[in-house]
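6 protein chains.
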Amino acid sequence: MEPRVIRKVVDELCADKSTSEISFRTNFNSPMPSVKELIEAVSLLRSALLPGYFGTADQEPVDQHFYIGSVLEKASKKLKQQVLSGYCFFCETPQQCESCAHKSSGVMEKFVQTLPTIRHLLATDAMAAYEGDPAARSAGEAIFCYPSIKALVNHRIAHELYKLGVPLIPRIISELAHSETGIDIHPGAQIGERFFMDHGTGIVIGETSVIGKNVRLYQGVTLGAKSFPLDANGKPIKGIARHPIVEDDVIIYAGATILGRITIGKGAVVGGNKWVTDPVPAGNKVV
Amino acid sequence: MEPRVIRKVVDELCADKSTSEISFRTNFNSPMPSVKELIEAVSLLRSALLPGYFGTADQEPVDQHFYIGSVLEKASKKLKQQVLSGYCFFCETPQQCESCAHKSSGVMEKFVQTLPTIRHLLATDAMAAYEGDPAARSAGEAIFCYPSIKALVNHRIAHELYKLGVPLIPRIISELAHSETGIDIHPGAQIGERFFMDHGTGIVIGETSVIGKNVRLYQGVTLGAKSFPLDANGKPIKGIARHPIVEDDVIIYAGATILGRITIGKGAVVGGNKWVTDPVPAGNKVV
Amino acid sequence: MEPRVIRKVVDELCADKSTSEISFRTNFNSPMPSVKELIEAVSLLRSALLPGYFGTADQEPVDQHFYIGSVLEKASKKLKQQVLSGYCFFCETPQQCESCAHKSSGVMEKFVQTLPTIRHLLATDAMAAYEGDPAARSAGEAIFCYPSIKALVNHRIAHELYKLGVPLIPRIISELAHSETGIDIHPGAQIGERFFMDHGTGIVIGETSVIGKNVRLYQGVTLGAKSFPLDANGKPIKGIARHPIVEDDVIIYAGATILGRITIGKGAVVGGNKWVTDPVPAGNKVV
Amino acid sequence: MEPRVIRKVVDELCADKSTSEISFRTNFNSPMPSVKELIEAVSLLRSALLPGYFGTADQEPVDQHFYIGSVLEKASKKLKQQVLSGYCFFCETPQQCESCAHKSSGVMEKFVQTLPTIRHLLATDAMAAYEGDPAARSAGEAIFCYPSIKALVNHRIAHELYKLGVPLIPRIISELAHSETGIDIHPGAQIGERFFMDHGTGIVIGETSVIGKNVRLYQGVTLGAKSFPLDANGKPIKGIARHPIVEDDVIIYAGATILGRITIGKGAVVGGNKWVTDPVPAGNKVV
Amino acid sequence: MEPRVIRKVVDELCADKSTSEISFRTNFNSPMPSVKELIEAVSLLRSALLPGYFGTADQEPVDQHFYIGSVLEKASKKLKQQVLSGYCFFCETPQQCESCAHKSSGVMEKFVQTLPTIRHLLATDAMAAYEGDPAARSAGEAIFCYPSIKALVNHRIAHELYKLGVPLIPRIISELAHSETGIDIHPGAQIGERFFMDHGTGIVIGETSVIGKNVRLYQGVTLGAKSFPLDANGKPIKGIARHPIVEDDVIIYAGATILGRITIGKGAVVGGNKWVTDPVPAGNKVV
Amino acid sequence: MEPRVIRKVVDELCADKSTSEISFRTNFNSPMPSVKELIEAVSLLRSALLPGYFGTADQEPVDQHFYIGSVLEKASKKLKQQVLSGYCFFCETPQQCESCAHKSSGVMEKFVQTLPTIRHLLATDAMAAYEGDPAARSAGEAIFCYPSIKALVNHRIAHELYKLGVPLIPRIISELAHSETGIDIHPGAQIGERFFMDHGTGIVIGETSVIGKNVRLYQGVTLGAKSFPLDANGKPIKGIARHPIVEDDVIIYAGATILGRITIGKGAVVGGNKWVTDPVPAGNKVV
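Chains as they are written, first to last, in this note's numbering: chain S, 19 to 305; chain P, 19 to 305; chain Y, 19 to 305; chain L, 19 to 305; chain U, 19 to 305; chain C, 19 to 305.
FYI, nobody ran anything at the bench for these hints, they're computed from the structure.
There could be a bad hint or two in this list.
Pairs count within a copy or across copies, as identical chains cannot be separated in the list.
[As the list claims (entries may be wrong)] Straight line, CA to CA, 30 Å or less: simulated DSS-like cross-link-like pairs of lysine-lysine:
no., residue 1, residue 2
1, K244, K303
2, K181, K284
3, K303, K121
4, K244, K256
5, K26, K98
6, K181, K35
7, K181, K95
8, K98, K303
9, K181, K303
10, K95, K54
11, K256, K26
12, K26, K253
13, K244, K284
Full structure from sequences and hints, please.
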């Protein structure tokens, strides 16, 4: 290539006119989150949550405490660093980073204490997968290779971080599972125990969704917003409850779309490809 | 983080109460399957099946026998190890592992002999992709970069292992393709030659599906079960034929859902987003 | 395994009968494109297009010129090699490779000059994502972790290469994004500024689609061909305009399918799961 | 290259005539030791022996027990596998491998119990390095970057394995340090506390050497055999004490060569480049 | 292994009695230097110093400024981090780290300005190697594969850092070359232009050595201290000039040992294996 | 760091004045040899020469032909590329590269045919190591972990390339072994069968040395040049026979230095640290 050409392109890309177009960060001097580190942190957490399935290369360790303890230490260290970079991403003043560091430490201390509960929920999810899929031979198989569990490991971690107010990082953790499974669960969504998504590809669960216990979804189901109000400047108003409430024991078949802050009552069934924008009473079938 | 906090969490995660919730394996002393090894084994098999497209870094080897032979040796060794860990995953008694080892060896010897047939089928699939997609410039292009072929390489390998009775491993191989392509084919599905899935994302093909020759599916098509019978304990009965039979020359357009053990007759066409639970006679169009 | 068995399989796989079935390349002596190298080239280009978000490990470099310049040099070198292998893949005579090399150099010189425009388009896409998703906290967040932007980085690069006549490589770049995001945009599709795909999984945008400014699609939307004419030999005729034209400010909700060379007029809205094969006048709503 | 040429070479290399020349193993069906695994095992043991200097990437772990425990588990697992392959290397009958496995387990249990003592010795070695080298600023610096300590970490590990009767593996561990430091200590050599080798390159310490406390050697010193008796077949008789005994507080300067089963008495000093084959009484200087 | 055994060993290794023996650092909360990062930093600096030989994978970059600039930025960032950890290693109070950070920045700014001079010296060293070795075909060959140049790249970098007062890091950089080449040059040694060490293995050059221009050493040469004075506590007094001064145009043959603060005069020649503790007048031969 | 500072340094390093100082190559547009590729090529060749010890991860392959064949293909491809870059390094005109490519192909075809002989020589070297070292338990142990064999694998490969006239590459292969073992054998040296170097560190064997059968050297032995004549410009005249001839059955003990084109006669013994510049008649002892 002609040196002249590449120099011209470099000059254009370094000109203020061009760089200002992508200046959407407040502070370019703090490090960006590292997707690679987050993948490793989630993978370590998964090993601590589901030992015997992940992480222990060959067989059970002699002493679980050593194994779980060291895995948790590594995971916490990595995750804390990423949580910090999440805070810094939105931090208005470069000087605030002491405050960001403080917030990160506090968050991590609370987060690790939720792990026993996360494991309990995942154990119920595995049972639900086994009981909900005639092709499954055991709940252990579901833990090891079902996209539903993969997505829920990430979601249940991301959701705890979301509740603790961590910015950006929960979303990245969700997108990692989205990319791997085709299941897009916003970290804000509240999901009860024994949740199963069969096949999973194309499922979308919005930020303010509330899902009860023992719910089953099939591929391509959307729990979405019907519309969202704009503010005076035409920008969407953030944070309004706008996604469905799905009560216990509901089944929603492939491709159904449920939109808006409506309630699908306990034990209801929504048929495949249905378009639902009105509440469904408990026990009803939409077919 | 306070040492006290992390120690408390470790103790909780190591307590019997918590670990017993996830004890879904019979034998935690045998190694788990390695996803990384399986990815490499499938990649090596792909190089042996489709040399000239994959695996030979630069150009044709001087002597194909050396190349194919050494690739097959490596692939067999890796796959056999994984097949063994698949058997061990469900093995009731730790002492049975000699039996598991024996089964793995027997399976591998049969499996490698199916490779020439698998290559033949993939060659017809590539032709079908080329002829079914106006955007394709050659069947070679389809082999190298179409998700349809990627999914079928994994499926046709996984299906042979499934027929030989290997547990768990075929499912993992299928999920690897599912994750990469968004196409979810259960390893039990029987698929004839010249099969093409355009775009592919969201396609689901259930365990007992039977697909003839020269069939074409578009994105988002489901070949699913309408329902599944439960046993006296409310658990699904495993192994019942419950997915569609799709005969030769059928085309099913995007988003169509075919449910239950019904037959879509030879040459039939099912339109996009259709919901089909009744048989479709040969040559008919559902639009 | 019995040596006899593996030798028999190797002989079968090396026999002309079997190898001829997969001989879809004109020239097996030129190297295949390397997916790994293409991933790195695209990743480097992304760092040059969106510095401050990708590639600069820790913080802003002292001098952007050094950083952008060296990243572009590396990216160009890698991409040129791949473009060359793309030309060789379809090159009829082995002797033509001098011509392939010449074409590759010419293409690269033109391609790098489109980068400032690509950056501008991506900046508008990020704004559109931020304004179109109540869950987004900033356009920077969208750049870093939204599948829509990920898919558009690859598409806008692939589209320029497609316009320059590069074979195979644009398609691979598109499939990389397809695999990661579930969004399948053919490199031929023309897409205007401020484009946003919410959730994204299952979106399909065909080769001859034309999309205006400020268009928003939701998951599972198809812009497809209704049918394609076959030539005298029953093979599809390549290169005919067969996908929709979507004008400025159109919104298409989840799961809608738009087929054929029809126009969706400026400001029109297409409701979820709709099946559209007729033109939609400007400002109309299909619900 | 001409296919004919490479095939001829392969045939020659696979012919019995050629392969029989290198058949120095009793059992080619057991795996060879893995140098890579041994490097990792030694590196893990070093982290457990000298935490705070090696292995803990960033800073002290919250709880040393978790860290040391998990590092030891990993190191033991890797080392046991290698010890096993060491036994198999010399195992006469392929059936003996159960016995080899049993021996490996027994050895590992004894070996790990020597680690606290090994650490103590290394701590004294570090102090000796600090006090013996005017260029050293602290004993911590010696631990982190002096070849003397590097060689002694490997030697003190290898020596314990040697004493437990492990074949081959101790030698490989010694050669790893030899390659890195130019210091060649046979694993059989007995070395007391506070040992320091300044610069180190070219030092050779033979199998049956016995070194007391507080000894200092400089580069190029040899503690070697004067000669070794041959058996009736002209082969060297193995296992005879043939190297020097060096008592406490001895200093041997650069390039000195001490040969045979002689004693260098307590506090003696041997000058540079000296050739010594007779005993040196305590307190004497050879200059 | 019995869990009881490993727990006992872990307890012993974590007991104060054992850990206190290796507590030679003032501050275990700051990160240790990373040998891996230092290797990369030196490798990057080498690419900037000797472009066309190292670092530029394939061929000359279009624009050297981009290449050198980006390599220097990366090298500086890595090296600065390591220099910081060098200061922290000896830092008395954990609070001083702001001061350490300040010192590191200052040092780096001065260090990079010495690079043009370092390149000049290395260019003269390469010419000296070419002219001093009948087996060399060009000075370029010496740059690319002679241990003499490898050791001098590291030394000339380490020496500048040593002069700037950086602790620990220069020594590690020297040990890296020592390990690779068997040449042990203390970073404090002052070495003039056109320096050549033939073969190199076993050469030792002490901290306070001063070497003029156009000096040639062969393998196994030592420039060492004759003795070093101890303080009242019996510890060596640090920092006294105790190694030889070697003037311009001197040649010292293999295995010679020069000890103490003596001067080897201009143009002198010292024969192989000589033991020299008295000054050698200019032009004299010691044989 | 101040941007101004780094820019100034970059400008200085890119200025003609500085770059011209290191312009010792004729053609900066051809790629440099890759040390990493050479390491892999030598490692592959070693696996083909000594299968059962190196390269076959776990156990013997089912069919040696597949294994050896594919290893040789890979090794040849890599080595040919490096040989090419060796020729290009000294190639006067950029246009000559067709000629360089031609030479590389010719060389490789001849080189691979020497491999059976190289294996034979290495087998005798292993026996010599076993018989010459009381600490060795088998010739297999020597093959797997003795520096002598490591150095001879590299030397015997490098020597064949040297004889075929390949520039630069043989020297790099020798330096790789030099770095790992401290043994520096110039690729030009002729070495007969059953050669053993005990310990090895510091051994130097010059370019024109000729060594007979069954010779044994100890650490620190030099076979060097006494002096070398200069041409009219004061540059050393290349290619003159200037190193010793060592006949069959000679033993040379540690640290001995033999200089000049003298002959050490059959069965002679040279004692440790001896300085020899006169011929030694057959059967004599120098002590």
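Each hint, compared with the structure:
1. K244 with K303: Classified as both: same-chain Cα gap 21 Å, cross-chain 15 Å, threshold 30 Å.
2. K181 with K284: Within one copy only: 26 Å inside, 41 Å across.
3. K303 with K121: neither (47 Å within a copy, 47 Å between copies)
4. K244 with K256: within (14 Å within a copy, 39 Å between copies)
5. K26 with K98: between (41 Å within a copy, 19 Å between copies)
6. K181 with K35: between (39 Å within a copy, 26 Å between copies)
7. K181 with K95: within (20 Å within a copy, 36 Å between copies)
8. K98 with K303: neither (46 Å within a copy, 48 Å between copies)
9. K181 with K303: neither (33 Å within a copy, 38 Å between copies)
10. K95 with K54: Answer is both; intra-copy 14 Å and inter-copy 20 Å each pass.
11. K256 with K26: Neither way: K256 and K26 sit 42 Å apart in one copy and 38 Å across, limit 30 Å.
12. K26 with K253: neither (37 Å within a copy, 46 Å between copies)
13. K244 with K284: both (22 Å within a copy, 22 Å between copies)
Hint compliance for this structure: hints 3, 8, 9, 11 and 12 are broken, all remaining hints hold.
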